[in-house]
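Full structure from sequences and hints, please.
2 protein chains.
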Amino acid sequence: MNNIVNEINQRLKTILNDYPKSKVKEAMLYSLQAGGKRIRPFIVLQVIRAYNQNYHDYIDIACALEMIHTYSLIHDDLPGMDNDDLRRGKPTCHKQFGEATAILAGDGLLNEAVNIIIKTSLASDLKIALISCLYQASGISGMIYGQELDIENENKKLSIDKLNTIHHYKTGKLLSCAFQLGGLIASPQDVKVLKEIGYKVGLAFQIQDDILDVISDSKTLGKPVGSDASNHKETYTTLIGVEASQKEVDKLFKEAIKLVYSLSINHGLIIEIIELLWKRVS
Amino acid sequence: MNNIVNEINQRLKTILNDYPKSKVKEAMLYSLQAGGKRIRPFIVLQVIRAYNQNYHDYIDIACALEMIHTYSLIHDDLPGMDNDDLRRGKPTCHKQFGEATAILAGDGLLNEAVNIIIKTSLASDLKIALISCLYQASGISGMIYGQELDIENENKKLSIDKLNTIHHYKTGKLLSCAFQLGGLIASPQDVKVLKEIGYKVGLAFQIQDDILDVISDSKTLGKPVGSDASNHKETYTTLIGVEASQKEVDKLFKEAIKLVYSLSINHGLIIEIIELLWKRVS
Numbered sequence: 001m002n003n004i005v006n007e008i009n010q011r012l013k014t015i016l017n018d019y020p021k022s023k024v025k026e027a028m029l030y031s032l033q034a035g036g037k038r039i040r041p042f043i044v045l046q047v048i049r050a051y052n053q054n055y056h057d058y059i060d061i062a063c064a065l066e067m068i069h070t071y072s073l074i075h076d077d078l079p080g081m082d083n084d085d086l087r088r089g090k091p092t093c094h095k096q097f098g099e100a101t102a103i104l105a106g107d108g109l110l111n112e113a114v115n116i117i118i119k120t121s122l123a124s125d126l127k128i129a130l131i132s133c134l135y136q137a138s139g140i141s142g143m144i145y146g147q148e149l150d151i152e153n154e155n156k157k158l159s160i161d162k163l164n165t166i167h168h169y170k171t172g173k174l175l176s177c178a179f180q181l182g183g184l185i186a187s188p189q190d191v192k193v194l195k196e197i198g199y200k201v202g203l204a205f206q207i208q209d210d211i212l213d214v215i216s217d218s219k220t221l222g223k224p225v226g227s228d229a230s231n232h233k234e235t236y237t238t239l240i241g242v243e244a245s246q247k248e249v250d251k252l253f254k255e256a257i258k259l260v261y262s263l264s265i266n267h268g269l270i271i272e273i274i275e276l277l278w279k280r281v282s
Numbered sequence: 001m002n003n004i005v006n007e008i009n010q011r012l013k014t015i016l017n018d019y020p021k022s023k024v025k026e027a028m029l030y031s032l033q034a035g036g037k038r039i040r041p042f043i044v045l046q047v048i049r050a051y052n053q054n055y056h057d058y059i060d061i062a063c064a065l066e067m068i069h070t071y072s073l074i075h076d077d078l079p080g081m082d083n084d085d086l087r088r089g090k091p092t093c094h095k096q097f098g099e100a101t102a103i104l105a106g107d108g109l110l111n112e113a114v115n116i117i118i119k120t121s122l123a124s125d126l127k128i129a130l131i132s133c134l135y136q137a138s139g140i141s142g143m144i145y146g147q148e149l150d151i152e153n154e155n156k157k158l159s160i161d162k163l164n165t166i167h168h169y170k171t172g173k174l175l176s177c178a179f180q181l182g183g184l185i186a187s188p189q190d191v192k193v194l195k196e197i198g199y200k201v202g203l204a205f206q207i208q209d210d211i212l213d214v215i216s217d218s219k220t221l222g223k224p225v226g227s228d229a230s231n232h233k234e235t236y237t238t239l240i241g242v243e244a245s246q247k248e249v250d251k252l253f254k255e256a257i258k259l260v261y262s263l264s265i266n267h268g269l270i271i272e273i274i275e276l277l278w279k280r281v282s
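Same order as they appear, the protein sequences are chains A and B.
Under UniProt numbering, the first residue of the first sequence is numbered 1, with each subsequent residue one higher.
Under UniProt numbering, the first residue of the second sequence is numbered 1, with each subsequent residue one higher.
Keep in mind the hints are simulated off the structure, nothing from the lab.
Each statement offered as a hint is correct.
Pairs count within a copy or across copies, as identical chains cannot be separated in the list.
Each computed SDA-like pair below joins lysine to any residue, with the alpha-carbon atoms no more than 20 Å apart:
(1) Lys-95 to Leu-29
(2) Lys-233 to Asp-82
(3) Lys-23 to Pro-91
(4) Lys-13 to Met-1
(5) Lys-162 to Pro-20
(6) Lys-119 to Ala-129
(7) Lys-95 to Glu-152
(8) Lys-95 to Gly-80
(9) Lys-21 to Ile-151
(10) Lys-279 to Arg-88
(11) Lys-162 to Leu-239
(12) Lys-119 to Ser-132
(13) Lys-21 to Ser-141
(14) Lys-95 to Met-81
(15) Lys-156 to Lys-233
(16) Lys-233 to Ile-211
(17) Lys-233 to Leu-73
(18) Lys-95 to Asp-82
(19) Lys-95 to Asn-83
(20) Lys-156 to Ser-22
For clarity, every value in this text was computed on a predicted model and none was experimentally measured.
The structure is reproduced here in structure tokens:
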């Protein structure tokens, strides 16, 4: 994984450096370089590799996805949203650059992700398919809808079904999109199965976040633990407890692995992603 | 103009109504319907008409541009930016729906504009050209950069050159994009001239804004007059006075008209836009 993540990090830096100097650009680069694990872009490229295809021509697609993910974190952290001071152990974008620049930096990442895809030398039809997949996953029928649901349901008693819906939109859509982007590039006929794998992995990932917010420490997590409780957010652990939540995580990852084996690919590369996430402590 | 604007308004409403029900969608629709003059989308369609082409297939492109314009207003009005309570005589989006939903509504409009273009039945190459033009104009080498410059230069003594630069990016880029989108659809070889017309009209338009902020009344303008002064913003009128500013407006519109006559088109339709803007009082 490390080599690919290094390539993604290097490319993100180069992409940003190609823009004219500005404070917004600095803020975008700051948040992009604030220690993200690059799970989503890694998935895109790893799926391509699982089809024995060369991933190097598609690094910019993976970077565009990471830009969208980073924009969502910047805006989520704003005083008008979750009002967080720390993200991955560092001051959040608005703490470092001021609120106005942080709003614009988020806008900038959401805006430029599409330009990065357009500037690749891929065929126009493929570009359109990739942009459509990404911006539907991130839009108001996807991640943004999830963010809205999340806000609307603070301080409310939730059912597991409702919580699943919030997680599906807020986290699952974009994480599943990573699998789908890889599929659109390497094997369009498998996109449906890859999408389903992505939803299972995405939900497991989010339940893990709920668990880590309870059992981890702030140093490992890079942000205060117990923030869900202090934000009066209902989570998997408040609804069914840590142990049952972990069982749900295990079940989802196992279901995802079963789907992986239904595809004619180099399974080990996708299993590597799942195991990496399964074992994560932050 | 009225018929076309009605068609744009109707189509914007239909586009939004096609999305699933959510508070973000309501907020997006609220801001889209808060009485904008639709100058930018009207320009796109009027340029197409000036080449004797049918504009009906391209209404969604015009709508996408208006969505981007509206997102920029929603985010500009936020407490973390200009902190405005009124826009076009109505409560701003965050006053009406709360800050979190307003942030997301802006994000939603920026995000969905590209999906609207993608969903049209135009050729992929044309879609790519239109998306590229729009998102470069709105991005960190365009409008967002202008918004950042605007913030950075509050309370600072400015030269006319610096002010022109701010106006060029903050207003000119997107207004010129309207002319360019029409050109890309109807006559790609004329895009360079149309772009130049757009920059001249855009700068004239912004200087008019500076003038109206001094000489108009808040009822006509739909927002408090004198807001530039109270925000400690240097403008054309503070730098060279109302009369010299108006002369600059007249000069720019005349130069734009000269460029219009250099093109082999139905000139009257573009002159109609310019005269409409020249005479505007709000």
